[in-house]
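Which chain is which? The protein sequence lines are F and X, in order. Going by our numbering, the first sequence wraps up at 1352, each residue one higher than the last. Going by our numbering, the second sequence wraps up at 1352, each residue one higher than the last.
Hints may be right or wrong, so weigh each one.
If chains are identical, the list can't say which one is meant, so a pair holds when it fits in one copy or spans any two.
List time: in silico SDA-like cross-link candidates among lysine to any residue, alpha-carbon distance up to 20 Å [what the hints assert, rightly or not]:
#, residue 1, residue 2
1, K963, K975
2, K1084, H1126
3, K1015, G1200
4, K986, N1128
5, K986, N1011
6, K1040, E1236
No lab work stands behind these hints: they were computed from the structure.
Protein chains: 2
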Amino acid sequence: MILNFKFASIPHIIFGAKKLNELYDIIPKFGKNVLYVIGGKSLKESGKWNEIVNAMEKKSINISIISICREPTPTLIDEAVAKYKSKNIDLVVGIGGGSVTDAGKAISAMIPKEDSIMNYLEGMGNKIHDGKKIPYIAIPTTSGTGSEATKNAVISEVGSEGFKKSLRHDNFIPNYAIIDPELVLSSPSSVSAACGMDSFTQLLEAYVSTRASPITDALAFTGMRYVKDAIIPACSTHALDIGVRSAMAYGSLMSGIALANAGLGIVHGLASALGGLFEIPHGVACGTLLAESTKINITQLQKIGDAGKKGLLKYAMVGALLAGKEGYENVDVSYYCSILIETLEKWTNDLNIDRLGKHGITIKEVDKIVEKAGLKNNPVQLRREEIMEIVRTRI
Amino acid sequence: MILNFKFASIPHIIFGAKKLNELYDIIPKFGKNVLYVIGGKSLKESGKWNEIVNAMEKKSINISIISICREPTPTLIDEAVAKYKSKNIDLVVGIGGGSVTDAGKAISAMIPKEDSIMNYLEGMGNKIHDGKKIPYIAIPTTSGTGSEATKNAVISEVGSEGFKKSLRHDNFIPNYAIIDPELVLSSPSSVSAACGMDSFTQLLEAYVSTRASPITDALAFTGMRYVKDAIIPACSTHALDIGVRSAMAYGSLMSGIALANAGLGIVHGLASALGGLFEIPHGVACGTLLAESTKINITQLQKIGDAGKKGLLKYAMVGALLAGKEGYENVDVSYYCSILIETLEKWTNDLNIDRLGKHGITIKEVDKIVEKAGLKNNPVQLRREEIMEIVRTRI
C-alpha cells in the first residue's frame, strides 16, 4: 500500500484530573498580560474561576476577561479584538465549551490584524490569513468539539442569510491544550449527550473520510474505543465519575486531532447549514443526524460494488468495536454495519437527542438546508435526494 | 480508568513518495540562508542532492553544507556551530540517517548558544537548554531512529570513558518532517535490517513502557501493524517496492512519536551503554538485544502475579498482531507471548542481525556494559543478573 498524507502538528497536551493547576506555571513563559475568554456562569459557580483569579494574583499576572454566552459571531470577534488590540496581550486563554474555545482561538488570531474576521472566513472573505497570532491555550469544559486540538474556529451568523464558517490555519492549533476532566463534571446531561454525540460523529466521520490516513485512523479508533462504553454513563448514572468523564474528554480530544487532519462528512456538512439557518446547538444537530446519515452512507456504499468495500469494512470495524468484538480480520461486514446503525440509533434514543422539529425546523425547510449543505470528505457520493432523506427522517 | 498523560506536540508531517519536492516551497517561509546537514555519498550518488542544489539555485536560496559520516560527537557539533554561528542561518535542514538528523537537530539547537553542547547533555552537563533554536526540518533517508519526530538528539563519544547522551527539549521536535520513502530505496539490506529492528524495538518498548498512554499505544500499534509485514521484504525481495518502504518509513515515524512521549525500555538502556563503549551501529545493538530482552521481560512479568498482567496482555496483543490474529479480547496471553518471542527471534535470524561478538564485544565486558545501562521505562524491574543474562546471551 502506498501511503500519502500530511499531518499538521497537534498542541502540547496536558491531560488529567487537576491538571488545570499546570496552567499557572505555563502562563509566565508567555508574559504578564493574559486575556481570558470564558463562558457564562458555570465556571464561576464551580469555584474554579476564583481559583484561577487567585493564582493569577499570586503570579502577578494582569488579566482581562471576555465572557461568551453563545456561538461567536463576526461582530463579537471584531469587537473583542478592537477592545484588546492595544493592551499588549501576551497570551489568550479560552476556558469553556466549543463556542468559547473557538472564540478564544479566533481572537488570538485576529488581534494582529487590522480588519474584520469576515475578510478571512472560508467561503466568505477574499483574504488568506498568514497564521500570525497571539499564543493561545485552550481548556475545554465540555467533551464535544475537540476545538482544543483543531486548527479552525467556527464563526456563525444565524438567519436566512446565516452561515457557519471557519477561520482556519495550521498555526491556529492551540499552543497548549489542558484537558482536566474535573472541569466537565458539572456539565448537565443534555449538554454532555449532545457533546458526546458530536465527538463520536467527528471520530466516525474522520475515520471513514476520504482523507483518512493510518495515523488519523489510529487516533479516531482509540477515541471511539474510549467513548463507546462511557457515552451513556457520562450522561446518566456516572456523570460524577472522573474515569468516565476522562474517557469522554479523551474521545473528544482525539476527535479534534482526527478531524483536523482527515476532515469530516455529510453530518457536519448538514450541521454547518443547520447552524447557519437555525438556533440549534451544534452537538444536537450532529447527534440527531448521525445514525440516519451512517445508514444512508452504508446503503450507498453497498450499491457501488468494489469501490464501496473499503468504506464498508471501516464501518464494520466500528460496528464490531461497539459490539465488543474488536478485531481486524474476518469481520462480517454486513452484520457489523447493521450493528453500528442499531447502536447509533439506540444512543440517539437513550440520550434523548432532540429531533430537528424541536428546534423549529419543518419539512418546508429541507430544501433550503440541503441547498447550503456540503458533502465534505464523505466516504461516498450522495445525491440531493439522499441528503434530503437524511434531513426529512429527522424532522 | 483514570487517564493522565502529557503529549509534546509532533512535527508538521509531510509523508509520501516524491514529497521531497515540497521542501522547496517550505524553505522560503523561513528565510534565505539554509544550512544543510547531509550524510556521506549516498544522497549524492542517488542524484537527489543535485536536484536539491538546483532547486535552491532557482529559488535564490544561499546554502551551506556540513557532511556527517558517523554518529555525532560533542566536538563535531561545537565545531559546526562555531563555523556557522555568524552566518545568519535562517533554517537547518538535515537529510540522512539517524546520525545526520540528530546532528542537524543539535546544530539547530546550539547555534543560539555561546558554549559547548557538553554543558547541556543529559547526565553530563549542568545547564538546562531553554529550547531556543534555529528552525529545523528533518528528512530521513533510513527508516530507523524516528529522529524526525523526536525531541532529542543523541550525541556520543566512543571509548572506555565514552557515552551516548541526549540533548533534549520539547522545542527540539523538528518544525517539519518530510518523509519521502523514495529516499530510502537505495538503503542497503544490512542497514535496512538494523534500522527496521531499531524502529520495531522503539515501537514495542514505547508500547509496553510504564509511561505509555492511550495515544502513544494507538500510535505504536499502528506502526507495528505496518512494520510486521514489511520488515523482511524491505530487506530482501522488495527493497525497491515503494509500498513496502512506505510501510517501514511509517513505522519509523510512529516509533519516533511514540518514544518521544512514552519513553523506552531495557533494550535502549543497554544500547546507550554499548554505543558509548563500542563502535556498534545503534540499530544492530537494538536488533540483537530485542528478542532476548523481550523474553526476559515476559519471564519477569510472569513472576510478579497481578502486577504483571497489564504488561503481559500488551505483549500478547503484539504477539497476536504479528500472528495475524489481531484482536482485543480473549487473547491467550501465554501463547501469544511465546509467539512474540519466536517471531522476534526469527526476524533476528532472517535479517542476519550481528551478535555483539562481531563488534569486538566479549564476555569480559558484560559487567562494564551493565554498569552503564539504565532500565528507562521498562515494564518490569530487572535485577543486574537478568540484565547480564540478556547481554551474555547475545555475545
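Tested hints:
no. : hint          : result
1   : K963 x K975   : between (33 Å within a copy, 13 Å between copies)
2   : K1084 x H1126 : within (12 Å within a copy, 36 Å between copies)
3   : K1015 x G1200 : neither (31 Å within a copy, 56 Å between copies)
4   : K986 x N1128  : both (19 Å within a copy, 13 Å between copies)
5   : K986 x N1011  : within (18 Å within a copy, 41 Å between copies)
6   : K1040 x E1236 : neither (27 Å within a copy, 63 Å between copies)
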